[in-house]
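Listed in order, the protein sequences are those of chains A and B. Each residue of the first sequence is one higher than the one before, counting from 1 in this note's numbering. Each residue of the second sequence is one higher than the one before, counting from 1 in this note's numbering.
Quick caveat, the hints were computed from the structure, so don't treat them as lab data. The structure presented is a predicted model; accordingly, all values stated were derived computationally and were not measured. Hints are not guaranteed to be accurate.
If you anchor each label on the Cβ, the simulated ranges turn out as follows [what the hints assert, rightly or not]:
| # | chain 1 | residue 1 | chain 2 | residue 2 | range |
| --- | --- | --- | --- | --- | --- |
| 1 | B | Gly243 | A | Val32 | 52 to 62 Å |
| 2 | A | Pro273 | B | Lys112 | 31 to 41 Å |
| 3 | B | Ser147 | A | Glu148 | 36 to 46 Å |
| 4 | A | Lys262 | B | Asn153 | 31 to 41 Å |
| 5 | A | Arg256 | B | Gly243 | 16 to 26 Å |
| 6 | A | Arg271 | B | Val61 | 47 to 57 Å |
| 7 | A | His96 | B | Gln279 | 28 to 38 Å |
| 8 | B | Asn153 | A | Pro185 | 28 to 38 Å |
Heads up, the beta-carbon is just placed ideally off N, CA and C, and yes, glycines get one too.
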Amino acid sequence: MTTTLCESDTRAIRLAMRRADRRRKLRAFLLVAPLVLFLLVIFVIPIGALLERAIDNPEVIQSLPRTLAALKSWDRTSTPPPAAFDALAGDLGKVHNTANAGTLARRLNYEIPGYRSLLFKTMRQLGTADATQSAQDRFLGIDKRWAEPDFWRAIADNGSHYSSYYLLASMDLKRDARGDIVHVPAGSSAFRDIYGRTFLISLVVTLLTLVLGYPLAYWISRLPRRKANLVMICVLIPFWTSILVRIAAWIVLLQREGLVNKALMQLGLVRTPLDLLFNRTGVYIAMTHILLPFMLLPIYSVMQSVPNTYQRAAISLGSHPFAAFWRVYVPQTYPGVGAGTLLVFIMAIGYYITPALLGGAGDQMISYYVAYFTNQTINWGMASALGFILLLGTLLLYSLYRRLSGRELGLG
Amino acid sequence: MKISKKLSSLAIASAFLAAAAAGSAQARDLTVVNFGGANGDAQEVAFIKPLEKESGKKIIVVAYNGEQAKVKAMVDTHDVVWDAVEVETGDLGRGCDEGLYEKLNWDHIGKKSDFIPAAVRECGIGAFVWSTVLAYNGKTLKTAPTSWADFWNVKKFPGKRGMRKGARYNLEFALMADGVAPQDVYKVLGTHEGVERAFKKLTELKPYIQWWEAGAQPPQMLAAGDVVMSTAYNGRISAANKGDHLSLKTVWNQNIYDLDYWVIPAGSPNKALAEKFIQFATSPGPQAAYSQQIAYGPINKAAIKKLDAKTLADLPNSPQNGKNALLSSYDFWADHGEELEQRFTAWSTQ
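Construct the complete structure from the given sequences, taking the supplied hints into account.
See the structure below:
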């Protein structure tokens with residue numbers, strides 16, 4: 001009797017506990033639900049859409065389905081069979097005067113410059129061409145280029161919904177006539193150089209902010225509280241100022257007749273004004289200034305929690321003061337240095353407006369070209385692909401950082 | 001009782017707000033979009049204010065930088081809040097092909113023969129004629145340059161040159177400097193050898209080039225003495241001469257002229273109002289008034305006749321200035337723009 005009671009009791013208790021547990025989990029989930037939703041809407045979905053754009057290739061398959069079918073058995077090296085001309089005439093007749101005509105022409109023009117006007121010329125003249133002729137004769141009568149297999153390969157190669165074209169192009173690669181991946185001709189594209197430059201500028205800026213920020217953070221952390229607050233405000237006020245205002249201020253300071261050059265000349269340090277603007281120097285100076293607080297703050301917050309008794313203990317045990325600083329104090333600030341470095345580097349990689357306003361033609365970073373393809377040429381596939389490669393590079397560097405430092409990102 | 005009263009007033013207020021929102025969505029004021037700056041100011045005087053006075057309806061003016069991405073986003077989401085938009089040639093053709101703009105109904109705009117031929121297009125009508133010219137500072141250069149060959153001649157005219165960062169126009173200028181006649185430029189540039197020739201010529205001048213991006217930069221660079229010559233938009237040069245009392249000079253020989261166009265984004269709820277605005281802005285009176293405000297040429301033939309000799313001397317399409325000029329080729333740049341701009345980027349960073 002007692003045992004059965006006990007059993008039913010334990011079962012009831014277990015059930016109640018499970019229910020309470022489930023309720024707790026649900027409540028916890030509800031608490032983070034806004035964050036999950038936020039991340040989903042602001043981060044996951046846009047990045048997913050970006051990835052999709054980078055490989056999306058709907059134009060040809062949407063507009064020329066019959067031509068693609070007719071080209072299935074084609075040998076890719078000779079003029080295609082008359083059936084392909086018939087199919088293309090039919091497809092183009094349907095596409096003409098619709099919005100799809102423009103997107104199709106634009107897509108094919110990426111493959112062969114000049115394809116756009118060839119396509120529009122053909123569509124315009126097909127309607128008025130002699131209907132008793134075969135489609136092939138009509139096409140060749142309009143333009144001899146229709147006999148060249150290259151123009152047909154451009155159609156046949158884009159018969160799938162997804163394509164690696166944009167991703168390859170953003171690494172200066174393309175597919176040749178046989179479908180192998182090859183380099184684009186030298187001098188026609190420079191995205192690799194631009195990626196290299198983007199990472200180089202970010203690296204230099206990160207190092208400069210570290211060299212400037214570390215001693216500054218150390219100095220502030222050693223100051224009495226009131227003075228430290230004052231210096232901190234001096235650091236933070238520029239940080240709170242609009243980035244455009246700060247860039248405009250640098251233009252005023254750095255130009256040929258600007259304050260910096262005038263001061264240097266009056267001090268007799270230089271004879272002719274230095275070129276500080278519209279080149280790499282200007283970009284480094286302004287980016288270092290703008291990103292310095294992102295290096296300073298994490299290091300400072302870590303330094304505040306490091307007791308200086310360790311350093312004193314090391315010195316009292318006979319260590320040289322510098323060795324005590326370097327071997328006892330500095331390692332304790334590594335988490336701050338790591339966080340600051342990563343923060344500055346990743347922010348610098350995406351910089352756009354500073355190099356655009358203060359740099360020359362050879363100082364633009366990859367975001368400049370993302371904006372160019374988004375706004376100017378409306379080639380969103382290319383913009384997405386460039387962004388995607390940048391994201392990939394950043395993630396690779398982050399994983400490298402984790403492996404090297406053996407720690408997660410944290411603010412100390 | 002208290003609560004229900006509060007609730008009902010809240011309900012009424014929200015219903016009122018919703019009605020107001022719906023009302024504003026339906027009867028939105030006509031929104032005209034242009035490039036702002038001196039051009040926007042001239043349009044305000046010549047087009048916007050007179051039409052507001054005539055029709056008694058408010059017009060909202062928005063300035064933008066020509067990014068068609070915004071128009072595309074509006075048309076794609078069927079939420080068009082721009083009605084009459086000023087666009088550049090390249091965007092006009094491409095946007096028209098891709099269905100971004102309404103096809104114009106010429107019965108509502110005007111007689112095609114009233115306008116210069118380049119102004120009449122399927123989806124757009126010219127807003128004005130502008131030109132890229134060789135400009136120099138009359139105070140610093142004693143001998144006047146007369147052609148692009150002089151622009152390239154760094155022995156005779158030592159010093160830096162300002163050029164717009166991009167392939168467009170610069171390749172044409174390079175070929176003209178290399179001895180190609182304006183009417184043959186696009187024929188030569190259409191061949192592989194022609195492109196090589198143009199880039200080779202640009203490479204010659206590369207150490208002397210200071211790149212600019214905004215139209216306001218060349219007058220500043222010339223005035224400050226940073227460059228001795230520059231390519232420049234003609235309107236900016238005469239505006240700088242008038243506004244800042246500079247003595248910048250324009251070489252009209254071998255200039256490249258182009259038009260800006262008015263378009264109506266596809267699906268604009270204010271299509272009729274936009275047509276009315278475009279008809280007004282392209283009629284002789286406002287066109288002549290516009291050219292008196294800024295040195296961009298009228299596209300309405302009757303407006304050209306209305307202008308005096310002094311105004312005409314600054315306009316790109318006056319008979320004198322248009323003599324040895326080149327009309328920027330839309331078709332060429334639509335076919336080869338991306339390829340050549342990409343190549344230019346690679347070239348300029350080397």
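Results of checking the hints against the structure:
{"no.": "1", "hint": "B:Gly243 to A:Val32: 52 to 62 Å", "result": "holds (59 Å)"}
{"no.": "2", "hint": "A:Pro273 to B:Lys112: 31 to 41 Å", "result": "violated (56 Å)"}
{"no.": "3", "hint": "B:Ser147 to A:Glu148: 36 to 46 Å", "result": "holds (39 Å)"}
{"no.": "4", "hint": "A:Lys262 to B:Asn153: 31 to 41 Å", "result": "holds (33 Å)"}
{"no.": "5", "hint": "A:Arg256 to B:Gly243: 16 to 26 Å", "result": "holds (23 Å)"}
{"no.": "6", "hint": "A:Arg271 to B:Val61: 47 to 57 Å", "result": "holds (50 Å)"}
{"no.": "7", "hint": "A:His96 to B:Gln279: 28 to 38 Å", "result": "holds (29 Å)"}
{"no.": "8", "hint": "B:Asn153 to A:Pro185: 28 to 38 Å", "result": "holds (32 Å)"}
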